[in-house]
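> For the record, the sequence lines run as chains A and B. Sequential numbering of the first sequence, starting at 1, is according to the UniProt record's numbering. Sequential numbering of the second sequence, starting at 1, is according to the UniProt record's numbering.
It is worth saying that the hints were derived from the structure and are not from the lab. Honestly, I wouldn't trust all of these hints.
Since the list gives no way to pick one copy over another, a pair counts as held whenever it fits inside one copy or between any two copies.
Claimed, not checked - Listed below are the simulated DSSO-like cross-link pairs for lysine-lysine, each with C-alpha atoms no more than 30 Å apart in a straight line:
{"#": "1", "residue 1": "LYS96", "residue 2": "LYS110"}
{"#": "2", "residue 1": "LYS221", "residue 2": "LYS59"}
{"#": "3", "residue 1": "LYS59", "residue 2": "LYS236"}
{"#": "4", "residue 1": "LYS159", "residue 2": "LYS96"}
{"#": "5", "residue 1": "LYS110", "residue 2": "LYS159"}
{"#": "6", "residue 1": "LYS110", "residue 2": "LYS26"}
{"#": "7", "residue 1": "LYS96", "residue 2": "LYS236"}
{"#": "8", "residue 1": "LYS236", "residue 2": "LYS110"}
2 protein chains.
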Amino acid sequence: MSPSNPVLSHHISSQFNEDLQAVHTKFMTMGGLVEQQVANAIHSLLDTDANLAIDVQFKDNTVNQYERDIDEGLTLILARRHPAAIDLRMVIAMSKANTDLERIGDEAAKIARIAQNLCEEGESPRGYMETRHIGNQVRVMIHDALDAFARLDVDQALKVVMADADIDREYQSATRTLMTYMIEDPRHISRVMNVMWVLRALERVGDHARNISEQVIYMAKGMDVRHTSIEEIEQKVNQK
Amino acid sequence: MSPSNPVLSHHISSQFNEDLQAVHTKFMTMGGLVEQQVANAIHSLLDTDANLAIDVQFKDNTVNQYERDIDEGLTLILARRHPAAIDLRMVIAMSKANTDLERIGDEAAKIARIAQNLCEEGESPRGYMETRHIGNQVRVMIHDALDAFARLDVDQALKVVMADADIDREYQSATRTLMTYMIEDPRHISRVMNVMWVLRALERVGDHARNISEQVIYMAKGMDVRHTSIEEIEQKVNQK
Chain A
1 MSPSNPVLSH HISSQFNEDL QAVHTKFMTM GGLVEQQVAN AIHSLLDTDA
51 NLAIDVQFKD NTVNQYERDI DEGLTLILAR RHPAAIDLRM VIAMSKANTD
101 LERIGDEAAK IARIAQNLCE EGESPRGYME TRHIGNQVRV MIHDALDAFA
151 RLDVDQALKV VMADADIDRE YQSATRTLMT YMIEDPRHIS RVMNVMWVLR
201 ALERVGDHAR NISEQVIYMA KGMDVRHTSI EEIEQKVNQK
Chain B
1 MSPSNPVLSH HISSQFNEDL QAVHTKFMTM GGLVEQQVAN AIHSLLDTDA
51 NLAIDVQFKD NTVNQYERDI DEGLTLILAR RHPAAIDLRM VIAMSKANTD
101 LERIGDEAAK IARIAQNLCE EGESPRGYME TRHIGNQVRV MIHDALDAFA
151 RLDVDQALKV VMADADIDRE YQSATRTLMT YMIEDPRHIS RVMNVMWVLR
201 ALERVGDHAR NISEQVIYMA KGMDVRHTSI EEIEQKVNQK
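Just chain A, with the same shape it has in the complex (with noise of 0.2 Å):
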């Protein structure tokens, strides 16, 4: 638990707060563990380490069990202890960013899956310096996503909700460039797909983490700025 996150410092001493922490502490884990798991998934892509990919797709045990405890926990704390304001607020957001990082944890697992496949088939000949760019892109994007839930920083959020437009464009522009490539020369389309599967897959991790950076705005500023552009998120977040 970050000392400086103002949810968790603001009751005195309480079993509340105990419970609040521990599963946050548990989140913030998972977070990490998510970030590792796709940091290492496009590593064993672009070294072609069958051993580290074999290891991300099992290690996505870990990361289920942690979104099950987690909800677990969130359960007991609104069974038993009937949260109010920002502190319902709290743990309805990091149910909510709960599912969002298993589902990071998941296209983590399939990259890891395909990177495998293409340490089997052969490597696609083109489409790596795309994806180590996006994928670099998209692990700041879980890092600053996260730094952001620890301390309730909207700032931080709004940045990452940005930093989501250019990770949409990045991956049109891949697209097509994967897609004229294939047009060009038949004979790797079915390695470069897998190549096209794998940015496809970055791509949802970026919108993941722009979930999670929403529910951040959601906590500390109890607005819900899901499906709102960056300028009216922006206005809003400013207004209040």
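Got chain A sorted already, so can you dock chain B onto it with the hints?
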């Protein structure tokens, strides 16, 4: 609200029941809308109906508004009514399933966007039979999952979980077919790729229908059956 729903009928009369019923009704209405959105998205693709495709993308805003309204309703219930036991599980299940419904709506909008492209650029020469077939199956899955949710029907929920395994197999097979076709006739790669993305979206819809069904089992039995094999789920459900 279905009169046969055991959660909603066990309260003799209370403000709590009214609040929960109101959100439940909204949830079921959203479910019907989302089911229709998927059906229309597939129609717009198969019948190259650009107007219908535009309509689906536009109506996604309504789906998003439902998501926000439902979450707001659930948060108010948690803050004011402090539900316990199966009532609390219903609130949590609806919150999770709400996210899945909204994501199904996203996938429908995605399919409609691709349909619109294909109306403009020319149809794909392949993959429509697979789209029709898998499309029909996932529509049935959404319908059955919502029906199971309304009636808290665990057996029906289990059927949806099993259907998802079929979808995954058929999706894999359809993908292989389309890939072979692209390799044989690279002139159509770009248009066939569009159908590939549609199939991917439909496969995701199947996953979300499965998620909703898992929440039915959670509501009814208090068991978290996410990340659990069908055999284990059946065993667990029958033990209790």
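> Would you mind marking each hint as holding or not holding in the structure?
Quick rundown of the hints versus the structure:
1. LYS96 - LYS110: Both: 21 Å inside a copy, 23 Å across copies.
2. LYS221 - LYS59: between (35 Å within a copy, 28 Å between copies)
3. LYS59 - LYS236: between (40 Å within a copy, 24 Å between copies)
4. LYS159 - LYS96: both (20 Å within a copy, 26 Å between copies)
5. LYS110 - LYS159: The answer is both: 27 Å in one copy and 25 Å across copies each meet 30 Å.
6. LYS110 - LYS26: Within one copy only: 24 Å inside a chain, 34 Å across chains, cut-off 30 Å.
7. LYS96 - LYS236: both (21 Å within a copy, 26 Å between copies)
8. LYS236 - LYS110: between (37 Å within a copy, 28 Å between copies)
Of the numbered hints listed earlier, not one is contradicted by the structure.
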